[in-house]
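S.K.: Sequence:
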Amino acid sequence: MNCDIVHSEDCNIIFRVKGILEFVCLLDDSNDAQCTISKTFQGLSSKVSSKNLVFTVSNSAVLIWPNNCFQSSMDSLTDTSSCGDILKYIEADNSESKKSSKKKDRKNSGPTVVNMKLLFEVTEPAGNEAPNLYRMVGQQHFARMPLPMDCILYVTSNESLANACNGLVEALSKQLSDMEEVVIRSRKGSSLLVPQPFHFQLPEPTGHTTVIYPAGVPDSQLQGVREDLHKKFELPGDRPCLRRANAFRFPDEAYKDGYLRNPHIHLNPPNIDDAKLYLVQGVYSYHHYMQDRVNDDGWGCAYRSLQTIFSWFQQQGYVEMAVPTHTQIQQALVDVGDKEPHFFGSRQWIGSFEVQAVLNQLLGVTSKIMFVSHGSELATKGRELANHFQTEGTPIMIGGGVLAHTILGVAWSEITGQIRFLILDPHYTGGEDLQIIIDKGWCGWKGPEFWDQNAYYNLCLPQRFKTI
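So the sequence shown is numbered by full-length UniProt numbering: it starts at 1 and just counts up by one.
Possibly wrong hints are sitting among the right ones.
Unchecked claim - Heads up, simulated BS3-like pairs for lysine-lysine below, C-alpha to C-alpha not over 27 Å straight-line:
1) K117 x K256
2) K39 x K117
3) K256 x K39
4) K381 x K368
Said to hold, decoys possible - Derived Cβ-Cβ restraints for the label pairs, each shown as a range:
5) G216 x D32: 18 to 28 Å
6) T429 x V24: 49 to 59 Å
7) I436 x S373: 34 to 44 Å
8) S49 x R185: 42 to 52 Å
Hint data in this document are derived by calculation from the structure and do not stem from the laboratory. No residue lacks a Cβ here, since even glycine has one placed at the ideal position from N, Cα and C.
Build the full structure now, drawing on both the sequences and the hints.
M.R.: Here you go:
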């Protein structure tokens, strides 16, 4: 393991350069394997510092030679150009163009990402020297592996483009040094593990950091490494921050499973005097009616809320288990003795107590249950809900005598007692269209009148694991 820190405050552009460097060396049976590995990495570092290094800017015709007096394929991009100047050469892809054509702009989703590819010029001027051939006799192990380079640099739009490219070259060299340390540390004889970089967003002033983990080594075997990093960055010692699942998701990266993440971040806060926001912490996916080719319209709202909660524990790195299906949820309730065998495969509703039982059965998660005899009482629960989102930060499932929903936060004034609830509604039956979901209030702020004032409610408040 090793890491590098990037301060991101007030920066609005992320330069990201990715590419593969080929690691090739011969390891013999002597004790010089570590020296051989180090020399190979030194050779790669020299290659990164050479004039042959080329950055190609994705979705553009821009090529940059950062180590050759900052040459560019565009005459107008010189060493005095600003980082913002490069944006006008980048073509937006079709999906982004469609999104930007919506009638209403959503909240800014983050800095602009400038993706670059790492390449090298391979043609050299012809020389007059004949090649030399050497023959070596002895037992040697031929080690060859791809090094997945992935470096980022946060900049402001008016910063010098030449300085930014120099910063990327330095980051590549630093990442090679970190990879060398990981390869040597994780080496077992002639077996080498591929070092993989992961980017993490940490609280300011630390900003972003890049950590190198050896491929194939599970998170469970890297706890000591993470403990050292938590101490170094003064991170909490009771929750995961640096597992692979916690890696930073760049604004231009789509999730491949098709579920929307954190739709609530596109909402404006409610206008309440003296109110503070208390929100879910971390990432969850939005689960609702009719997903996964399951027609659960009219009976599956609590199942979907449970899936959203489950996804939160998964995407915070607490567990690696997939979000359970409706039948897996039912099987868990049968296994724990909460339901009879004929419940499996049915369309029977479940409630907060069943959600609690499934979370405990599948994840070992404990939950608190809050009971209110009338929906009108929910308006008085601001302090308890605010405390939950401050300390645990997990989504809350609310159900009872009426429909189930997911509570993602509250806006609450300790002075006046006014409260608004951030609701994620599992009853939505449409596609994954964020604009519709926001505009139609399927994810939105609701007042106390949202609840049936005379119905009873049970709230399931999942508690975090104490682990890193």
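S.K.: Determine for every hint whether it applies to the structure shown.
M.R.: Against the structure, the hints:
no.: 1; hint: K117 x K256; verdict: holds (22 Å)
no.: 2; hint: K39 x K117; verdict: holds (25 Å)
no.: 3; hint: K256 x K39; verdict: violated (39 Å)
no.: 4; hint: K381 x K368; verdict: holds (14 Å)
no.: 5; hint: G216 x D32: 18 to 28 Å; verdict: holds (25 Å)
no.: 6; hint: T429 x V24: 49 to 59 Å; verdict: holds (55 Å)
no.: 7; hint: I436 x S373: 34 to 44 Å; verdict: holds (35 Å)
no.: 8; hint: S49 x R185: 42 to 52 Å; verdict: violated (24 Å)
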